[in-house]
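Novice: In case you want the letters, here they are:
Number of protein chains: 2
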Amino acid sequence: MFIVGEKINTSRKKINQAVIAKDADYILRVAGEQLEAGADMIDVNAGTLVDGEPDALRWLVQIIQEKFSVPLCIDSPNPAALLEALSVHKGRAMVNSITLEKERMNAILPVVLRFGCKVVALCMDDNGIPDTAQQRLDIARRLVSRLEAEGISREDIYLDPLVRPISTGDDFGMAVLDTLRGIREELPGVHTICGLSNVSYGLPERALLNRTFLAMCIASGLDSAILDPNDNRLMACLYSAWALAGRDKFCRKYLKAHRAGKLSSDV
Amino acid sequence: MFIVGEKINTSRKKINQAVIAKDADYILRVAGEQLEAGADMIDVNAGTLVDGEPDALRWLVQIIQEKFSVPLCIDSPNPAALLEALSVHKGRAMVNSITLEKERMNAILPVVLRFGCKVVALCMDDNGIPDTAQQRLDIARRLVSRLEAEGISREDIYLDPLVRPISTGDDFGMAVLDTLRGIREELPGVHTICGLSNVSYGLPERALLNRTFLAMCIASGLDSAILDPNDNRLMACLYSAWALAGRDKFCRKYLKAHRAGKLSSDV
Numbered sequence: 001m002f003i004v005g006e007k008i009n010t011s012r013k014k015i016n017q018a019v020i021a022k023d024a025d026y027i028l029r030v031a032g033e034q035l036e037a038g039a040d041m042i043d044v045n046a047g048t049l050v051d052g053e054p055d056a057l058r059w060l061v062q063i064i065q066e067k068f069s070v071p072l073c074i075d076s077p078n079p080a081a082l083l084e085a086l087s088v089h090k091g092r093a094m095v096n097s098i099t100l101e102k103e104r105m106n107a108i109l110p111v112v113l114r115f116g117c118k119v120v121a122l123c124m125d126d127n128g129i130p131d132t133a134q135q136r137l138d139i140a141r142r143l144v145s146r147l148e149a150e151g152i153s154r155e156d157i158y159l160d161p162l163v164r165p166i167s168t169g170d171d172f173g174m175a176v177l178d179t180l181r182g183i184r185e186e187l188p189g190v191h192t193i194c195g196l197s198n199v200s201y202g203l204p205e206r207a208l209l210n211r212t213f214l215a216m217c218i219a220s221g222l223d224s225a226i227l228d229p230n231d232n233r234l235m236a237c238l239y240s241a242w243a244l245a246g247r248d249k250f251c252r253k254y255l256k257a258h259r260a261g262k263l264s265s266d267v
Numbered sequence: 001m002f003i004v005g006e007k008i009n010t011s012r013k014k015i016n017q018a019v020i021a022k023d024a025d026y027i028l029r030v031a032g033e034q035l036e037a038g039a040d041m042i043d044v045n046a047g048t049l050v051d052g053e054p055d056a057l058r059w060l061v062q063i064i065q066e067k068f069s070v071p072l073c074i075d076s077p078n079p080a081a082l083l084e085a086l087s088v089h090k091g092r093a094m095v096n097s098i099t100l101e102k103e104r105m106n107a108i109l110p111v112v113l114r115f116g117c118k119v120v121a122l123c124m125d126d127n128g129i130p131d132t133a134q135q136r137l138d139i140a141r142r143l144v145s146r147l148e149a150e151g152i153s154r155e156d157i158y159l160d161p162l163v164r165p166i167s168t169g170d171d172f173g174m175a176v177l178d179t180l181r182g183i184r185e186e187l188p189g190v191h192t193i194c195g196l197s198n199v200s201y202g203l204p205e206r207a208l209l210n211r212t213f214l215a216m217c218i219a220s221g222l223d224s225a226i227l228d229p230n231d232n233r234l235m236a237c238l239y240s241a242w243a244l245a246g247r248d249k250f251c252r253k254y255l256k257a258h259r260a261g262k263l264s265s266d267v
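As you go down the protein sequences, you meet chains A and B in turn. Numbering of the first sequence is given in the working numbering, commencing with residue 1 and proceeding in unit increments. Numbering of the second sequence is given in the working numbering, commencing with residue 1 and proceeding in unit increments.
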């Protein structure tokens with residue numbers, strides 16, 4: 001499982017304060033904790049700062065990569081902010097995200113191509129987020145075909161089926177699961193990625209729903225996720241689902257997590 | 001989700017003692033706890049008693065149905081024991097289980113037909129439990145076609161894909177998930193049922209694996225399970241997976257479980 005740590009996001013109050021105050025120590029602590037817990041990549045998002053976003057993203061990339069040799073996921077729909085961040089990024093970044101919306105595609109694609117980035121592609125177009133799996137799958141096909149035509153290879157595309165709250169539609173969970181399975185069957189080699197927390201919006205015990213949904217997504221083929229790797233119960237669920245889906249050879253990672261005390265029922 | 005409470009099984013030491021001592025109070029307490037926690041049906045298994053099995057099953061059916069108006073799942077491969085139990089059972093029982101093994105089919109089928117029972121049908125034949133989903137699905141098709149030919153309706157058939165430990169084969173979890181999905185697609189109307197605990201045999205933190213696997217099975221179409229309804233974490237996982245799979249209209253059961261304090265992260 002490819003894990004993108006989601007915590008460095010200025011929509012979180014403490015991160016927002018730290019970015020404004022240029023408090024590198026705090027940011028590095030949050031980055032380090034996520035890497036320690038198993039993140040393969042660190043997402044950076046400074047969308048709330050609006051005009052300050054490009055500077056903030058560049059600063060975040062610089063301080064994090066000065067200390068850790070880890071690739072970052074630059075999380076912005078703003079091409080100017082992406083350019084600032086990518087111009088200082090070392091190694092291959094991921095851009096989060098492109099869509100099939102004309103304007104967004106035209107703005108982001110040149111940036112992705114110029115820096116040879118991996119890219120998160122959301123299953124939506126100018127008509128918004130579709131209701132059904134079939135519509136999402138149709139967008140997925142068109143996204144992959146467009147990105148491949150531009151020279152981006154399948155292994156660098158991370159399709160996000162886009163999770164909507166089940167409190168607003170009983171079928172919205174299943175639509176994501178069916179989309180994931182469809183992608184695995186029809187577009188082999190393409191990665192799938194998901195943010196989970198939308199699914200539980202408006203319901204109690206959100207963490208329970210989010211981690212249960214993660215297991216269900218893994219059963220349907222999900223191979224990457226943007227999540228909080230310091231949520232121990234979520235990670236225990238992830239390790240077990242990964243093993244149960246036959247993705248963890250000889251359950252090695254599961255057993256390693258167990259020996260590190262990460263699976264205990266008290267976490 | 002159709003829940004069969006698994007706890008009245010003489011392979012559990014206290015149940016064994018209670019059955020031998022004809023301690024009806026203890027048995028009724030275990031039955032009552034399971035019903036209270038949401039079991040739709042109570043499994044009774046006295047297989048360890050060997051020669052005493054028929055008498056024990058009859059006694060269990062009698063005392064449980066004297067107090068609770070609930071149908072029972074008579075869990076035995078022994079036609080004589082099934083006959084004893086079914087001859088005193090009120091309402092429609094479930095028989096657990098038939099297989100495509102010739103001898104077992106010929107022994108159990110007449111009993112199921114005579115009493116008009118629902119039936120658990122295991123996806124195995126005289127060659128044992130198959131490795132792959134395709135082989136299981138092939139047996140599933142033949143089981144349903146045989147049982148339907150005998151006059152048993154689809155809604156009374158509960159196919160069990162048979163779970164094998166992932167510690168003995170990385171693919172054994174996925175084989176079950178693929179079988180469940182195949183049954184849902186190819187044999188609509190037929191129910192699926194599963195015992196979970198085999199999946200985690202030989203690994204640490206078995207309860208974590210079992211409940212994660214339950215969520216993954218529900219994502220793949222499982223609609224019934226034989227489990228311990230007094231395992232609160234397992235049930236919290238079940239309620240959330242059921243809602244996430246779009247099977248819980250307006251999340252009503254999930255919200256009801258929440259109000260009853262059954263979803264709290266401390267359970």
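The hints are simulated quantities; they were obtained by calculation from the structure and are not laboratory data. Hints may be right or wrong, so weigh each one.
Partial selection, computed: residues in chain B whose CB lies under 8 Å from chain A [stated by the list, open to error]: (1) M1; (2) E205; (3) S220; (4) C251.
Predicted model, so just to flag it, every value in this text is computed and none were measured. The beta carbon of each residue, even a glycine, is placed where N, CA and C say it ideally should be.
Novice: Against chain A, is S220(B) within 8 Å by beta-carbon distance?
Specialist: holds (6 Å)
Novice: Should the hint that E205(B) touches chain A count as held when the rule is a Cβ pair under 8 Å?
Specialist: Holds. Min distance 4 Å.
Novice: Under the criterion of a CB-CB separation shorter than 8 Å, is C251(B) in contact with chain A as hinted?
Specialist: Hint on C251(B): holds, closest Cβ of chain A at ~6 Å, below 8 Å.
Novice: Let me know if the C-beta of M1(B) comes in closer than 8 Å to any C-beta of chain A, holds or violated.
Specialist: violated (13 Å)
In summary, the one numbered hint that this structure violates is 1.
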